[in-house]
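Asks: So the chains spell out like this:
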Amino acid sequence: MLGVGAYRTRNLPTRSELLPLPIGEMTWTLTDHRGRSVRPADWAGRPVMVFFGFTWCPDVCPTTLSDISLWLEELGADADRMIVALISVDPERDTPDVLANYVSNFDQRILGLTGSADEVAQAAADFRATYRRVAKDAGDYTMDHTAGVFLFHPDGRFVSIIDFHEDRRFAVPKIRRTLS
Amino acid sequence: MKHFLLAAALILSAPAVMACETVTIGDLTIEHAWSKATIGAGRPGVFYVEITNAGSVDDALIGIATPAAGMPMLHETVVQDGIASMPHAMSIPVPAGQNVQLSPGGYHGMLMGLTTALKEGDSFPVTLSFEKAGEVTVNVDVLSLRAEGPDCADAGQ
Ligand SMILES: [Cu+2]
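From first to last, the protein sequence lines stand for chains Z and V.
Taking this note's numbering, the leading residue of the first sequence gets 11, the next gets one more, and so forth.
Taking this note's numbering, the leading residue of the second sequence gets 14, the next gets one more, and so forth.
Worth flagging that the hints you see were computed from the coordinates, not collected in a lab.
Heads up, the beta-carbon is just placed ideally off N, CA and C, and yes, glycines get one too.
There's no promise every hint is true.
[What the hints assert, rightly or not] Per the computed footprint, the stretches of chain Z lying under chain V, defined by three or more beta-carbons under 8 Å from a beta-carbon of chain V, are: (1) 29 to 41; (2) 45 to 53; (3) 66 to 72; (4) 82 to 91; (5) 180 to 188.
[To be verified] Calculated lysine to any residue pairs in the SDA-like style (CA-CA distance at most 25 Å, straight line): (6) V:145 with V:54; (7) V:132 with Z:184; (8) Z:146 with V:140; (9) Z:146 with V:142; (10) Z:146 with V:118; (11) Z:146 with V:120; (12) V:145 with Z:114; (13) Z:184 with V:80; (14) V:132 with Z:114; (15) Z:184 with V:142; (16) Z:146 with V:50; (17) Z:146 with V:130; (18) Z:146 with V:145; (19) Z:146 with V:69; (20) V:132 with Z:103; (21) V:132 with Z:80; (22) Z:146 with V:54; (23) Z:146 with V:94; (24) Z:146 with V:86; (25) Z:184 with V:92; (26) Z:146 with V:96; (27) Z:146 with V:67; (28) Z:184 with V:96.
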């Protein structure tokens, strides 16, 4: 059931010091929660907010998506052109249908993205994100993963990360900086 | 919108609003027990609560039990070098004179092996075991997957 080699760990120690690539230099292909293929070029000219997570995650992921939903509501129509995406680090369980059900609980502008194990690994590499499967009892598993929210300017430049434990009051001003 | 959703959640469970109930055992006060709706029973649920130790002796939460889940555990969400993980917490300190929260992004009860999906508006009991104070059962309100906490008039959140 859990294919050996179906996930990647990134164990380069300097990895966390590297910045995400500009969107235009990324090479991933993913599938959104409506089953449509998505590539970085589709996001050209749009501000971007990306979070890595998975739908079996009970604490960090719904908390972050609740926060993102509140930020989007506060930004209102100003954020309508923004691409907001959850990229699953658990593509084995997070099919497009599963993601569709999950994201329907949050702001409707949030896209769920998934793909094959290799496709997700490529996306994580482009964003310099990290994830790792952690085995639990009875063949169950959970995922450790990069918890920050990545922000990109409409020209594709990486702007900043909203850290999970950073004061949430600073998030909306940070996002606004990407909208102009 | 947040408040609308919370209000809606509370109306559904209006006869109880158990998250706003306060239960005491010895010097400990337990309140704001809540959980989030799950998609199906296959995914783990979560349990949050607030514990205040008004006494002069340190205590610790050492376990939880509930008919709602086959394998409830205490976890702590830890973010290190930007990476989130959820190690098992053997015990959660409840020091004398302090208030401890199991809350999103920190300590939480992890409810694995749910017997049924948790639906918004439902409630279920959780028994907390303390090292010194012993056992006490609280009723847990299931809020929406989007909820950030119960909306109690006296909310100390
Ligand atoms: Cu957990």
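Asks: Verify the proposed pairing of residue 132 (chain V) with residue 103 (chain Z), using a straight-line Cα cut of 25 Å.
Replies: 21 Å, holds
Asks: Hint check: residue 146 (chain Z) vs residue 140 (chain V), CA-CA at most 25 Å. Holds or violated?
Replies: 23 Å, holds
Asks: Keeping to a limit of 25 Å between CA atoms, is the pair of residue 146 (chain Z) and residue 67 (chain V) held or broken?
Replies: 36 Å, violated
Asks: Given the hint that residue 146 (chain Z) pairs with residue 96 (chain V), does the C-alpha gap stay at or below 25 Å?
Replies: 18 Å, holds
Asks: For the pair we were handed, residue 132 (chain V) and residue 184 (chain Z), check the Cα-Cα distance against 25 Å.
Replies: 35 Å, violated
Asks: Against chain V, does the segment 82 to 91 of chain Z show at least 3 residues with beta-carbon separation below 8 Å?
Replies: violated (count 1)
Asks: Between the segment 66 to 72 of chain Z and chain V, are there enough contacts, at least three residues with CB-CB distance under 8 Å, for the coverage claim to hold?
Replies: With 5 residues close enough to chain V, the hint holds.
Asks: Holds or violated: are the alpha carbons of residue 184 (chain Z) and residue 80 (chain V) at most 25 Å from each other?
Replies: Status violated; Cα separation ~44 Å.
Asks: Confirm or reject the coverage of the segment 29 to 41 of chain Z by chain V under the rule of 3 or more residues with a beta carbon closer than 8 Å to the chain's beta carbons.
Replies: violated (count 0)
Asks: Are the Cα positions of residue 146 (chain Z) and residue 130 (chain V) separated by 25 Å at most?
Replies: This hinted pair holds, its Cα atoms lying about 20 Å apart.
Asks: Residue 146 (chain Z) and residue 94 (chain V): Cα distance at most 25 Å?
Replies: Distance of about 23 Å is within 25 Å: holds.
Asks: With the threshold set at 25 Å, check whether the alpha-carbon distance from residue 146 (chain Z) to residue 50 (chain V) stays at or below it.
Replies: 22 Å, holds
The structure fails to meet hints 1, 2, 4, 5, 6, 7, 12, 13, 15, 18, 19, 27 from the earlier list, while all remaining hints are met.
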